[in-house]
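Residue numbers (my numbering), protein chains in the order written: chain A, 1 to 341; chain B, 1 to 341; chain C, 1 to 341; chain D, 1 to 341.
Quick caveat, the hints were computed from the structure, so don't treat them as lab data. Here the structure is a predicted model, which is why all the values come from computation and not from measurement. Any given hint could turn out to be false.
Remember, identical chains collapse to one label, so a pair may be satisfied in a single copy or spanning two.
Within a straight-line C-alpha distance of at most 20 Å, the following computed DMTMM-like cross-link-like pairs (lysine to aspartate or glutamate) qualify [as the list claims (entries may be wrong)]:
#	residue 1	residue 2
1	Lys182	Glu254
2	Lys64	Glu273
3	Lys281	Asp54
4	Lys182	Asp263
5	Lys185	Asp257
The lines below spell out each chain.
Number of protein chains: 4
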Amino acid sequence: MQYQPASSHSAAIIGASGYVGAELSRLVQQHPALSLFGCYVSEHSSDAGTLLSDLYPQYAHCLKIPLQGLTDNEKSSIKHQADTVFLCTEHNISVALAPEFLEAGLKVIDLSGGFRLDAVEDYPPFYGFEHKQAHWLRQAVYGLAEWYPHEIAEAQLVAVPGCYPTASLMALLPLKKAGLLKSSKVIINAVSGVTGAGRKASLATQGAELSLQAYGLFEHRHTPEITQQLQHEVLFTPHLAQFPRGILATLYAELNDDTSDTDLTSAYQCYAEQPLVRFKKLARPAIKDVVQQPFVDIGWHRQGNQLIVLSAIDNLLKGAASQAIQCINLQLGLPVEEGLL
Amino acid sequence: MQYQPASSHSAAIIGASGYVGAELSRLVQQHPALSLFGCYVSEHSSDAGTLLSDLYPQYAHCLKIPLQGLTDNEKSSIKHQADTVFLCTEHNISVALAPEFLEAGLKVIDLSGGFRLDAVEDYPPFYGFEHKQAHWLRQAVYGLAEWYPHEIAEAQLVAVPGCYPTASLMALLPLKKAGLLKSSKVIINAVSGVTGAGRKASLATQGAELSLQAYGLFEHRHTPEITQQLQHEVLFTPHLAQFPRGILATLYAELNDDTSDTDLTSAYQCYAEQPLVRFKKLARPAIKDVVQQPFVDIGWHRQGNQLIVLSAIDNLLKGAASQAIQCINLQLGLPVEEGLL
Amino acid sequence: MQYQPASSHSAAIIGASGYVGAELSRLVQQHPALSLFGCYVSEHSSDAGTLLSDLYPQYAHCLKIPLQGLTDNEKSSIKHQADTVFLCTEHNISVALAPEFLEAGLKVIDLSGGFRLDAVEDYPPFYGFEHKQAHWLRQAVYGLAEWYPHEIAEAQLVAVPGCYPTASLMALLPLKKAGLLKSSKVIINAVSGVTGAGRKASLATQGAELSLQAYGLFEHRHTPEITQQLQHEVLFTPHLAQFPRGILATLYAELNDDTSDTDLTSAYQCYAEQPLVRFKKLARPAIKDVVQQPFVDIGWHRQGNQLIVLSAIDNLLKGAASQAIQCINLQLGLPVEEGLL
Amino acid sequence: MQYQPASSHSAAIIGASGYVGAELSRLVQQHPALSLFGCYVSEHSSDAGTLLSDLYPQYAHCLKIPLQGLTDNEKSSIKHQADTVFLCTEHNISVALAPEFLEAGLKVIDLSGGFRLDAVEDYPPFYGFEHKQAHWLRQAVYGLAEWYPHEIAEAQLVAVPGCYPTASLMALLPLKKAGLLKSSKVIINAVSGVTGAGRKASLATQGAELSLQAYGLFEHRHTPEITQQLQHEVLFTPHLAQFPRGILATLYAELNDDTSDTDLTSAYQCYAEQPLVRFKKLARPAIKDVVQQPFVDIGWHRQGNQLIVLSAIDNLLKGAASQAIQCINLQLGLPVEEGLL
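The whole structure should be built from the sequences, with the hints applied where relevant.
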């Protein structure tokens with residue numbers, strides 16, 4: 001695909017009022033090759049008609065953009081005039097909305113979980129709704145940008161990975177692909193900031209209720225996402241912390257016998273030229289080092305066959321919005337980090 | 001009044017599911033001279049029927065107490081069998097509930113703002129409702145325990161002070177009573193933890209929304225409360241911080257000419273025998289030093305006629321629940337700190 | 001052993017100026033059966049001569065106790081007049097100090113790691129010093145209060161467990177003793193507040209440097225402590241968080257085939273009568289629920305043979321000072337929770 | 001002054017290992033018109049020889065820059081080859097270093113307090129050292145970028161304002177210059193994150209010691225800085241909070257009689273075209289909205305003659321490093337926000 005001249009590619013953002021939507025709006029807004037077609041919320045949302053910068057004073061200088069209700073008229077104008085739709089909507093809303101934009105010929109980059117799993121059968125148990133878009137689910141490409149650049153470049157529908165799966169898969173895929181993982185289950189202990197729960201009133205995320213606590217034991221919907229992508233059994237346990245942003249995943253894996261340090265180094269060599277992966281052998285990534293940054297920080301430590309990989313991201317960026325930008329960069333033939341550094 | 005034998009005095013707590021209600025339930029529960037008659041919530045609350053310890057796992061060892069819906073039957077049994085009712089309800093609910101318990105002869109200790117202001121006319125502008133209990137409002141004694149011990153001891157209805165007023169008045173009343181304050185307005189800059197906003201879902205108190213921000217400028221309802229009690233004009237500005245508990249008030253006052261250090265020392269001498277006031281001339285009270293403690297920490301600093309007083313409390317304890325216990329201690333003729341240290 | 005009349009048992013605290021020492025001083029001070037003989041710091045410490053309450057304004061009401069330099073004279077008076085010495089000193093200092101008090105006939109309760117490991121050979125690799133007290137190391141009883149009450153009651157020298165080992169062992173020992181653990185290694189992912197690093201100036205614990213980060217991978221000295229006590233291989237990975245107090249351990253264990261829920265319930269039944277263990281099958285313990293409390297909160301979750309146990313403590317209390325009080329309570333024939341609730 | 005072609009202007013940073021130095025290194029590094037000549041620390045610093053990115057893993061992608069000891073050789077090469085020196089050194093070190101670079105004809109932008117006050121006599125009482133550079137102190141231009149653009153553009157020596165003074169003066173100067181302030185003292189209540197204390201080991205800034213506490217009452221060195229610049233008496237009280245970055249100043253001022261809202265609006269109209277000032281009449285700036293941003297957020301609220309102005313900045317950016325960039329932009333004839341958005 002040819003390089004597109006600046007601002008020629010027009011992107012609409014639906015569900016722009018959430019934490020991810022606002023980050024994405026900012027990134028699209030400042031992207032040299034994208035123009036922001038518009039920011040949309042549900043027609044019935046009380047946010048419709050307000051400025052995005054009223055919800056996010058931190059972006060008062062750049063997001064004086066009206067949040068528009070997604071009426072039929074607006075949908076129609078998006079279909080006729082925009083090139084790509086980013087969906088930052090609830091899972092089931094994404095599934096409902098995506099097909100009409102796809103059928104109108106637009107590209108859709110979905111940041112929900114609506115098109116991440118392998119099959120419609122996975123949706124009722126993990127997402128609690130019937131998924132009626134088996135066709136589009138099959139078409140969807142998993143948007144882990146460093147791993148599927150060609151597929152993403154060609155895809156009409158991209159399912160941007162979940163935040164925990166991004167932190168986990170970026171750490172584990174090099175090992176899996178290199179055949180270094182023993183068949184035993186990988187344990188993923190992850191801690192997330194509270195923006196991961198979304199921008200909404202909830203007693204569980206009231207400031208005074210937060211400290212550090214596990215949740216979703218054995219049943220979090222990111223478990224099948226990781227398993228399907230990794231093709232390896234994992235035990236994933238998320239924890240909610242009191243800080244606003246960031247995920248730290250501590251991953252415990254067993255290596256095949258005779259795995260050398262050199263094998264590990266070679267495996268992670270896949271990231272050598274990746275501008276948004278900061279890999280360092282003995283690094284101990286920290287939440288503070290990735291907050292408000294589009295990177296994933298990775299380090300590994302071993303003792304015999306026992307491997308620990310540490311992986312940190314900003315859940316709203318590499319775990320959502322900046323990875324979505326990586327995907328559209330790939331589609332536009334741009335460097336993957338365009339507009340992100 | 002005679003000392004009451006242990007557990008002879010029976011107290012019911014209405015509105016027990018909130019942050020203040022839970023602290024108060026714990027304090028009553030462990031108080032040597034009180035027995036907890038019962039913990040109540042609104043008849044229609046979804047918390048009715050659950051254990052208080054299910055809402056507050058930190059008190060799993062001591063608050064396995066059912067939250068009962070406040071039905072007519074329950075009200076009747078409180079009236080016939082309990083001695084004191086603590087109201088931890090919304091302001092207007094307190095105003096509605098207090099009279100029937102008072103008329104049944106019970107003591108009422110109200111932790112809301114329903115009986116704190118001087119006159120019913122103050123309620124519509126600051127609390128947004130018509131106050132129809134002028135009689136009881138006149139009867140109410142302001143429960144600032146160190147200042148009105150005799151009045152509280154005799155009162156049938158006690159209005160426990162607000163959290164900000166407690167921090168402010170404890171710092172300023174010694175100066176006012178000693179005649180050291182110039183007539184110019186006192187500036188009160190205060191910062192509170194998020195429990196001050198109550199236990200409820202709200203976007204403004206979502207963990208990710210918190211940092212440090214002023215609110216209620218010129219119009220917070222604690223302004224008239226402080227002014228009326230202090231009989232001095234104040235400019236009170238609260239701020240919401242991201243920590244769970246605690247208030248730090250930084251108070252700026254002008255001293256009358258010729259006020260000596262000795263005058264100041266004498267003024268604060270009123271606290272010399274008060275077990276729950278930790279006064280120290282040049283102290284710089286910190287939030288961490290008062291959290292989960294029933295104390296108010298006070299220090300002063302001056303330069304010429306300019307005085308700064310620093311005052312810190314736990315908003316849920318000295319700012320609410322433990323001060324309510326001080327009030328009932330006074331009523332029972334017990335040491336003011338009974339059950340608190 | 002006979003019950004001791006109140007205040008008859010005299011305890012000296014050496015290393016009282018640290019976070020653990022201060023908590024312990026407070027607990028001894030308010031304990032109905034103990035009298036605080038004195039609080040000591042190194043003879044050369046700049047803290048010598050100051051009041052403990054000057055270092056800990058939160059305890060201004062109860063710890064107006066001078067920190068005395070531990071001169072030879074002071075040692076001598078301790079030996080002649082005190083009954084028990086609590087050591088809150090550095091590991092090697094404890095090893096150096098304990099024998100002389102033991103030989104003088106006192107009981108010693110050591111809160112350092114100086115007497116926790118099985119053999120002197122374990123010390124150079126994990127603690128970096130030669131341990132020359134093999135005799136006393138053999139005499140030392142591991143002070144995990146719920147597990148070794150009789151041994152502790154009889155011991156002259158008690159080694160109070162480390163904070164992470166306490167959280168870990170309290171969760172795992174019931175399973176191990178009941179024979180439910182498969183031989184595969186147990187993974188312990190733990191997160192601690194910054195008081196765990198001790199009260200000292202250090203760039204790594206400067207407020208702005210903290211967020212969430214793993215440390216001590218594969219080499220933390222609590223690994224051999226846990227392994228030796230559990231008699232089971234573990235992989236222990238600590239993390240430093242930005243909150244002040246508390247540890248949350250997330251433990252991943254494999255159960256033997258055919259382990260039923262009933263087996264698990266039976267195993268944890270050992271805690272049914274323990275007043276300082278708050279066990280609940282599906283509980284998800286949170287840091288905020290244990291801070292400033294002497295409890296360990298434990299819950300378990302399973303899926304097939306995979307078990308996750310969650311365990312939370314206050315690192316300064318159940319992880320140190322309050323557990324030391326449990327030990328002395330056992331020695332004095334008092335209820336284990338005496339002075340703690 | 002003419003626009004300089006990209007990368008033609010070469011800047012050395014001395015004291016680059018601190019929090020401010022690192023931010024400034026990043027900003028210079030990514031600035032389109034600057035080239036980073038080198039990053040320096042004291043010859044004897046243990047940081048000499050390490051990479052800046054080793055101290056700041058969050059900047060691992062952009063600051064793989066060696067910290068060089070500032071030997072005589074290095075000084076000489078800076079003098080001969082660099083155009084501007086940024087000093088992020090201790091106050092007295094700046095005073096010692098600046099003259100030799102100035103005399104060599106370089107521009108010096110000093111981020112310490114070494115050249116901020118009016119006269120050498122102010123230094124012993126507020127900075128604790130004799131200031132022997134009266135000549136250069138007179139030459140120094142106060143680098144409050146929005147207020148003294150022409151003077152800064154022409155200056156050889158710029159004294160970048162302190163963090164608290166920046167937050168305070170940006171809020172107050174419009175009022176003062178418009179003649180709206182009554183002569184009574186302005187009260188400045190300010191709260192700062194812990195990076196304000198600098199990157200160094202210190203017990204007072206250990207994570208567990210932080211909460212919210214006033215300090216420097218009546219004697220902070222930013223008081224004379226504000227007073228001299230504002231030409232108005234102020235009472236400035238700083239507080240240390242537990243968050244890493246950001247300052248919120250709440251300013252209490254009295255307006256002259258007959259000051260209208262229009263007068264206030266007109267006064268702040270001076271910022272209408274300023275890209276790094278986000279002014280909004282009733283705004284309530286929050287720390288979270290300015291962190292990691294080069295803006296100052298300002299809002300005002302009044303009641304009669306009483307005015308409250310709220311002002312928030314990132315102490316490391318608008319309070320130091322990004323304001324230093326504004327200054328060099330002015331000197332190079334670039335837009336003031338060049339390289340900052």
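The hints, checked one at a time:
With identical chains, the CA atoms of lysine 182 and glutamate 254 are at most 20 Å apart both within one copy (5 Å) and between copies (17 Å). Taking the shortest Cα distances, lysine 64 and glutamate 273 sit within 20 Å of each other only across copies (16 Å), while inside one copy they are farther apart (36 Å). Taking the shortest alpha-carbon separations for lysine 281 and aspartate 54, only the inter-copy value of 14 Å comes in at or below 20 Å, while the best intra-copy value is 43 Å. For the identical chains of this complex, lysine 182 and aspartate 263 are intra-copy neighbours only, at 14 Å inside a copy versus 30 Å across copies, given an alpha-carbon limit of 20 Å.
Taking identical chains as interchangeable, the C-alpha atoms of lysine 185 and aspartate 257 lie at most 20 Å apart whether they share a chain (16 Å) or sit on different chains (17 Å).
Going through the hint list in order, the structure satisfies each hint without exception.
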